[in-house]
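Visitor: Chain residues, written in single-letter form:
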Amino acid sequence: MGLTLAEKVLARTSGRAQVTPGEIVDAFPDVVMSNTATWRSIKQFHSVGVNELRDPDRIVVVLDHISPAKSEVDANNHATIREFVKRHGIKNFYDVNAGIAHVVMMEKGHVLPGQLILGTDSHSTIYGALGAFGTGVGFTEVTSVWLTGKLWMKVPESIKIVLKGRLSAGVFSKDLMLKLIGDLTANGCTYKSVEFCGDLTSRLSVSERMTLSNLAMELGAKCAMVAPDEATMKFLQGRTSKPVEMIRPDPDARYAKEVTIDADTLEPMVSCPHQVDNVKSVSELKGVKIHQAFLGSCANAKLDDLAIAAGILKGHSIHPNVRMIVTPASRDIYVQAAKEGIVATLVESGAMITNPGCGTCAEDGGTLGDGEVCLSTGNRNFLGRMGNRNSFIYLSSPATLAASAIRGEIADPREFVK
Amino acid sequence: MISTLSGKVIKFGDNINTDLIIQGKYLRSIDPAELAQHAFEMMGKEYPQKLKQFDILVAGENFGCGSAREQAATCLVGAGIKAVVAASFARVFFRNAINSGLPIVECPAAVAELEEGDVLTLDFDQGRVVTPKGGHRIPPLPPSVREILEVGGLVPYLRRQFHSQTSKQ
Ligand code: SF4
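So the protein lines, in turn, are chains A and B.
Here numbering that gives the first Met the number 0 is used: the first residue of the first sequence is 0, the next is one more, and so on.
Here numbering that gives the first Met the number 0 is used: the first residue of the second sequence is 0, the next is one more, and so on.
Warning: the hint list may mix true and false statements.
What the hints assert, rightly or not - So, partial list: chain A residues that the calculated Cβ filter (under 10 Å) puts toward chain B:
1) Gly48
2) Asp251
3) Ala361
4) Arg384
Derived by calculation from the structure, the hints in this document are not laboratory data.
Even for Gly, the Cβ is constructed at its ideal location relative to N, Cα and C.
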C-alpha cells in the first residue's frame, strides 16, 4: 500500500518500511525546536537528573515570545537559557534579536523536505511549507527528546486539500485558509495530516505556503505539508548545504478525505471574535470600527506581507482613531523591508514598527482597552488573547488590514488595488 | 495509574481553548498549584475556586485546542482534577495531559448525558465509564501511554528510565 507524505516521514524516522494510521511508533525527529519556553524544558531536564544531551546538533533554540525581557523573571529565564546552550554546546541558538522561531528556523536552513521537526509551539505545522512534518509538543516532551532522541507518535490519517483556480487581486492565501477554517471548523482536521496540492498550491511561493501550513493548525491539524518542488528548491538555495530529499506521496496513498477549494470566486475573508472558525466575508463586516491594527505573527509578517500592506498604505494615512503596530517576523525580513523602502512607507503612513518577534500576538505589548477592537494578521483571536477579556480580535490578510487601517473600519482591500 | 476513580463532574462546552484554560501571562510559572489559582479565570473570577470543588472535568468537542502550552494540563492537576473526559481532544492537549500524569478519556456518549454535579466513575481496567444514566465502553490506552500515566507523568517516567539504566551499568 502506498504512503502519504506524513506516513513516509514517520516510516523513515522510526526505521520502518511501512506505517499505518492509528499505529503508535517511536520516531526520532531530525530537529527539535524550543522557543522562549526552553527554560521550562531546562527545569524538567534538571529534575530528571541526567547531565547529557543526546545530540545537541539536532537542537535549535530561539527566544521569540517575550523579547527583549519585560521583567526580572523573564530576564532570569533568558539568562538560564543562554547559560544552558553554552554549557551543552548547542550551536543553533538565536537570541532575542532574531525574530519568530518558526520563520527563523526556515530562513536559517533548519527545515528540509521530508524531515520530522518537533517544536514547543502549536504552529510548528508551518514547517510543512517546505515539505517537512512539523508538529507541536509540550516542553516536557522536548526534554524527553533532548535525553532520548525519540518520541512516541500516533500515525495520523491524511486529508488531501486541493487548491485550484486563481486568487484575484486583493485576495490571498490567508483568505483561502480562513475560508477553509470557516467551512471545515476548528475541529475539521483534528489529529490529521493535511496535504496541500493542486494547481494553485504549485503556483504559491514558499512564503504563501507558510501561511497555509501555519493556519492549518487552526483546523486542528497535526501537520500540514506541501510536497517540495521548484519553489522549495529556490527557497532553500544558499540556506542549506545538506542534500535535499524530494519527497512525494505515493500515487496509491490513502486519504481519509479529499477537500477541494476553488479560489476563482473567493472574496477577502475575516475571522470574527472569539473563535478562528467564526469566519465571514469582508463585505458582511464592512463598517466594523477598529482601534488597533496588528501586522505581525508567524502567519503573516513576512516580507511579501509587509510589502502588500505598504503597497496599499502608500500615499495614505492611517485613520486617526487607529494605532497600527507592525512587527516583522524576523531580523532578515526587517533588514530587507528597510532596504526596499517598505519600512519608510509604513512609518510615513503612521504605523509604528517594533522589533521582530511574536510581540502583540504573545500578549507582549499592544494590550487592548475595554471594548476595543483589534484587526490582526495573526492566527488566533481567542477571548483575551491580547490581554483583555473585554476586547475583540478579528483576523485578516495584510491587505485587508491595511485597507481597514486607512478607513478606521473593516474595509475591502479590492477598493485599493488596481 | 489508579485503575478506577470516581468523582463529581464539572462540565464545559465545545472548543474550550488553552487561552481560556490558562492565560498567556501566567505561563511564567510551571508550578501546578500556582497555575491552578488562575485556571479558567477568563471565564469568570470565580472559576479557579469553583474548579477545586470538582474531581472530573467533562467537556465537549475539541477540548484544549489552541496553543501547545503544557500548563493547560498542569493547572488542572494543581486544581485537584483527577481525570478529563471529553467528546474529543486537541492533540497537543492530549499529549500534555498524559505527560502530566492526568488520565484522559474520549467518550462522546458519556459527555452527552452528563450534567454538572453528577458522579462519574472511570474504570480503566475494564475500559468502562459509568454515568448516572448508564455505562459506556472506552478504548484501552496504548501500552506506551499507559506506562507514562502509571508512573505519574513523563518526568517520573524519564527519571525511572535513566535511573534503572545507570543501575544496570
Ligand atoms: S507569532 Fe503568535 S502564533 Fe506565532 S509563534 Fe509567536 S505567539 Fe505563537
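Visitor: Regarding the hint that Asp251 (chain A) lies at the interface with chain B, is the smallest CB-CB distance below 10 Å?
Guide: Constraint on Asp251 (chain A) not satisfied, violated at 27 Å.
Visitor: Using Cβ atoms only, decide whether Ala361 (chain A) comes closer than 10 Å to chain B, and label the hint accordingly.
Guide: With Cβ-Cβ at 6 Å, under 10 Å, it holds.
Visitor: Let me know if the C-beta of Gly48 (chain A) comes in closer than 10 Å to any C-beta of chain B, holds or violated.
Guide: holds, 7 Å
Visitor: For the hint on Arg384 (chain A), does the least C-beta distance to chain B fall short of 10 Å?
Guide: holds, 6 Å
In the structure shown, a violation is registered for the earlier hint numbered 2 alone.
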